[in-house]
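Starting from the given sequences, assemble the full structure and let the hints guide the process.
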Amino acid sequence: MTVSISTRNTSANHDELCSCFITKLGAASELSEDDKTALRRLCADYRLIPARRHIIREGDNPTHIHIILDGWAARYKIQDDGSRQIVALLLPGDICDLHSTILSRMDHGIVALSAARVAFVPGIDMEELPLGRPNIVRALWRATLIDESILRAWLANIGRRTALTRIAHLFVELHARLKLVGLVSDGQFKLPMTQEILADALGLTAVHINRSLKVLRNQELVVLSEGELTIPSVDALRDFCGFDGSYLHPTQLLRTNFPPTAVQ
Amino acid sequence: MTRYFFDTRDDDDFVEDDLGLELPDLEQVKVVAAKALADMSREVLPGSMRRNLTVEVRELKGPVLRATLVFEATELVGQ
Chain A
1 MTVSISTRNT
11 SANHDELCSC
21 FITKLGAASE
31 LSEDDKTALR
41 RLCADYRLIP
51 ARRHIIREGD
61 NPTHIHIILD
71 GWAARYKIQD
81 DGSRQIVALL
91 LPGDICDLHS
101 TILSRMDHGI
111 VALSAARVAF
121 VPGIDMEELP
131 LGRPNIVRAL
141 WRATLIDESI
151 LRAWLANIGR
161 RTALTRIAHL
171 FVELHARLKL
181 VGLVSDGQFK
191 LPMTQEILAD
201 ALGLTAVHIN
211 RSLKVLRNQE
221 LVVLSEGELT
231 IPSVDALRDF
241 CGFDGSYLHP
251 TQLLRTNFPP
261 TAVQ
Chain B
1 MTRYFFDTRD
11 DDDFVEDDLG
21 LELPDLEQVK
31 VVAAKALADM
41 SREVLPGSMR
51 RNLTVEVREL
61 KGPVLRATLV
71 FEATELVGQ
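In order, the protein sequence lines correspond to chains A and B. Counting from 1, one number per residue, gives the positions in the first sequence under my numbering. Counting from 1, one number per residue, gives the positions in the second sequence under my numbering.
In short, the hints are calculated from the structure, not lab data. Just so you know, even glycine gets a beta-carbon here, dropped at the ideal spot from N, CA and C. A couple of the hints might just be wrong.
[Said to hold, decoys possible] Lysine-lysine pairs mimicking DSBU-like chemistry, simulated, CA-CA at most 30 Å apart: (1) Lys-36/A - Lys-214/A; (2) Lys-35/B - Lys-214/A; (3) Lys-179/A - Lys-190/A; (4) Lys-190/A - Lys-77/A; (5) Lys-30/B - Lys-214/A; (6) Lys-214/A - Lys-190/A; (7) Lys-36/A - Lys-77/A; (8) Lys-61/B - Lys-77/A; (9) Lys-35/B - Lys-61/B; (10) Lys-214/A - Lys-77/A; (11) Lys-77/A - Lys-30/B; (12) Lys-61/B - Lys-30/B; (13) Lys-35/B - Lys-190/A; (14) Lys-179/A - Lys-36/A; (15) Lys-77/A - Lys-179/A; (16) Lys-77/A - Lys-35/B.
[What the hints assert, rightly or not] Beyond 10 Å from chain A on every Cβ pair, some chain B residues (computed): (17) Thr-2; (18) Arg-3; (19) Thr-8; (20) Asp-11; (21) Asp-17; (22) Lys-35; (23) Arg-51; (24) Gly-62; (25) Phe-71; (26) Glu-72; (27) Ala-73.
Quick look at the structure:
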């Protein structure tokens, strides 16, 4: 059964499609035009994954690295009783499984939350890309480390925050991550998460998510409608949950940057 | 699958469920109601001495379940 469209496409459309990925990686690393071209070439083979379709399953031994070019996906684990915990949200520009050239077995599954265009990068291409491109190495490394710090923040969020601040914290984080790749406009962004998906991401019941969202709405801290989230005042929402965004390591050009690489 | 609506009540604060959840059977409804009460209690019990939390579940044909959590704390110092 074919559910994906594979295409090799090097037109301006493809550049546009890769823009979140390039923007995200280039945010704090000086990437040369040649580096960027190499990264775009890496994403030449991409497929459209429909919402709720799996990109990869727990236990798989992937032959490709997957990069979210547009749309959203989620990392998740399923318990014996069938309940699901979403352990991370993958946004445009995020790499799903960089580690799969090193760790062969997936310890979690990845599912598309919205229709998503996902680059399928052969493992060998990923291994060869960084050779002679130290700025790309740093950028990839940095992306992985920030994924880790986000995971720590999520652990603290789920472990200790109560529902209202837990939800608020996630919304502020998503706002920051999406803003970095140019997907926020006037405090508004697409949020392809039902209340049940939010519940799975935050370790709460959908019932309590529903109740809590009403409280946040009544306090005019968030506006949710038709799959779009609007934060009227990000500062207000940040204060509400005591959000400290330093774990996202906002852009600052690294002090020890290698000069942009020449073509090899 | 049936769509069930979980209305919640924290003392006098009643919130109607406008969305509902699709669940396979009453057993799952009971599980969700219990977990929802646990979520609510984590949020509002700290700082309370007495509280009544209730989840009232209905579907199109009418109400199907009421689950209540009664919280009561009594200081024993000096007794």
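- [ ] Compare the structure with the hints numbered earlier in the document and write down the numbers of the violated ones, lowest to highest.
- [x] 1, 7, 8, 19, 21, 22
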